[in-house]
Amino acid sequence: MTNNSRRDFLLKAGLGGAALSGVLPGGGFFSAASAAELVDPLAPKQPHFPAKVKTVIWLHMDGAPSTLDLYDYKPELIRLAGQSVPDSFMKGIKTSTQGGVGKLFVSNKRSWKQHGESGAWFSDLVPNIAQHADKIAFIKSSVTVGATHDISILKLNTGGVNPGRPSLGAWVNYALGSANKDLPSYVVLYNDKQEPRAGSVNWSSGFLPATYQGVAFRPGDSPILHLDRPELMSANEQRSSLDLLKRLNLKESARYPQDTELQARLQSYELASRMQKSAPEAVDLSKESAATKEAYGLNDEATRSYGTVLLRARRLTERGVRFIQVVSGPAVEDGEFRNWDAHSRLDDNHGKNARMVDKPIAALLADLKQSGLLDSTLVVWTSEFGRTSFGESGDGRDHNPWGYTQWMAGAGVKVGTTFGATDDIGLQAVGKTVDTYDLHATVLQLLGLDHLKTTFLNDGRSERPTVVYGEVIKELLA
Amino acid sequence: MRKKILKFGLHLALTGALLSAYASVVDADLMQVMEDKQKSLSSNISLKNAKDALADAKELEEMFKEVGTFYEQKGNASDAVTWSKESRELAGVVVAQAIVANDFDTASRKSVTMAKNCKACHQAYKTTD
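Chains A and B are the protein sequences, given in the same order. For the first sequence, my numbering gives the first residue as 1, with consecutive numbering after it. For the second sequence, my numbering gives the first residue as 1, with consecutive numbering after it.
Just so you know, these hints were derived from the structure itself, not from any lab. Nothing here was measured: the structure is a model prediction, and the numbers come from that model. Each hint can be trusted.
Straight-line Cα separation of at most 20 Å, PhoX-like style, residue types lysine-lysine; simulated pairs:
hint : chain 1 : residue 1 : chain 2 : residue 2
1    : B       : 126       : A       : 91
2    : B       : 65        : B       : 126
3    : B       : 39        : A       : 453
Cβ-Cβ distance ranges computed for the label pairs, FRET-style:
hint : chain 1 : residue 1 : chain 2 : residue 2 : range
4    : B       : 29        : A       : 225       : 41 to 51 Å
5    : B       : 62        : A       : 245       : 55 to 65 Å
6    : B       : 69        : A       : 100       : 34 to 44 Å
7    : B       : 79        : A       : 459       : 32 to 42 Å
8    : A       : 430       : B       : 73        : 29 to 39 Å
9    : B       : 105       : A       : 431       : 25 to 35 Å
10   : B       : 62        : A       : 109       : 53 to 63 Å
11   : A       : 100       : B       : 126       : 16 to 26 Å
A virtual CB, placed ideally from N, CA and C, is assigned to each residue, including glycine.
Please put together the full structure from these sequences, using the hints given.
In structure tokens, the structure reads:
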């Protein structure tokens, strides 16, 4: 059936309006105001209620750090180190640790101090982030499913354990549109030579129209492949080509107004044209002060790559990008220290990875605060799961989806507080837990979006970011 | 005598089948059906489709009843019984009443509570990921 005959059928059957419904946040039928959205799917849209946050910087620590070695101080774990895990702590969890569940592990290099007025505990691995204790709200009862990294990373970003769902950034892009027509509204940054290992499904638009997917900015001066105009083509020639393409696409679009793929294609050519200038400028750090570059660690080999990425994130925030998804890259190029996944040699692994991120993250918080941007920006420090209290391979920790720490800083957050806790040895969350869906619901709330009403009609079913779950953690909100 | 043996054997077979029916009622297939039904309920509430949402809620009520019965008979699973009972009431009473009253906001929130009960039970009793 062609688009034309399908359209005719729907109109004659009186279902024309109904067939086009569900594209707006909250669902419902198209109105006259919706026609403008067909022309520009990234036109700014109003949230459900006033937002506290304009930009989210999502800091994904790839590989899953041991928050027991960063933020979750457990004196009982230290006391019991070297002993078998008491049975009472293992109730309700199923393990599959290679080599079996090891003895409780504590590094003899670890030291802990309280910081700020909040008295939050930080380990020696994050001395710079510790200086910002009173900017942070900890979530210490985080839980998820912990099969493998790829599955849990997918759940962290999309709420689903199978590919096909939109990422949180795509939902935000869909629900709020773009605040800067010259840049993508949803950008992915990483400090690695290749894209993050779990792949582009983690910034995919899923069943949402393609225009809402994230755009990965590569490290280096040219963030987008093939963005630059070919040398043999003049600017006028390029503009003429784009204008012809636009006229042809508009003509086709008039025949098939419900074809969102065509709309996305139309928008992407125009955005790409504008991005030829705006994207390189956004990531150009040459005009940043020496002091700023030093603060972000650009003068140190250990921190340069991640610091560069976070400085770019700040610049994108200034330019109105709504969702900036930053994936931590390798602290060491090859081998087992490529990310935080310390099944063994945790001290070496976390020493290098923490050094890579600590100073840049602290600089980002300070920079956002100093510029006033922290009042409208939400920084989320997150990972796919945590790590176990019991050891693995003698000096590592296994994956822990049952209780770990994440944190948020910035606008609308009840800073200097901690929500939730793990048990005395830091293995399982106790009390009210915060699943991925709850984190997503809370982030959306801060953006002015009710997660229950941020919906899209997909094959007749109304979908939302939080699947069938999700609860805003009100205790985290200022 | 032969008739008595046959009769006894038939009785055993039927009892076994009945017990087997309860023992096998909570399996991966039922859980998948329940999960799909929850998604359908969530969608119908979001679309304010009261008729289909109510039907979904009533079906879920029956399925939670089966789950509760299974765990009661299994024994040593009081938390699973409690979750099933709570979810049954959420589906059959709380959510259903909210839908009838056209209070889709409440229906939506309470269906989330129901889904969280499922998750909690899975955490304790699901044998495979």
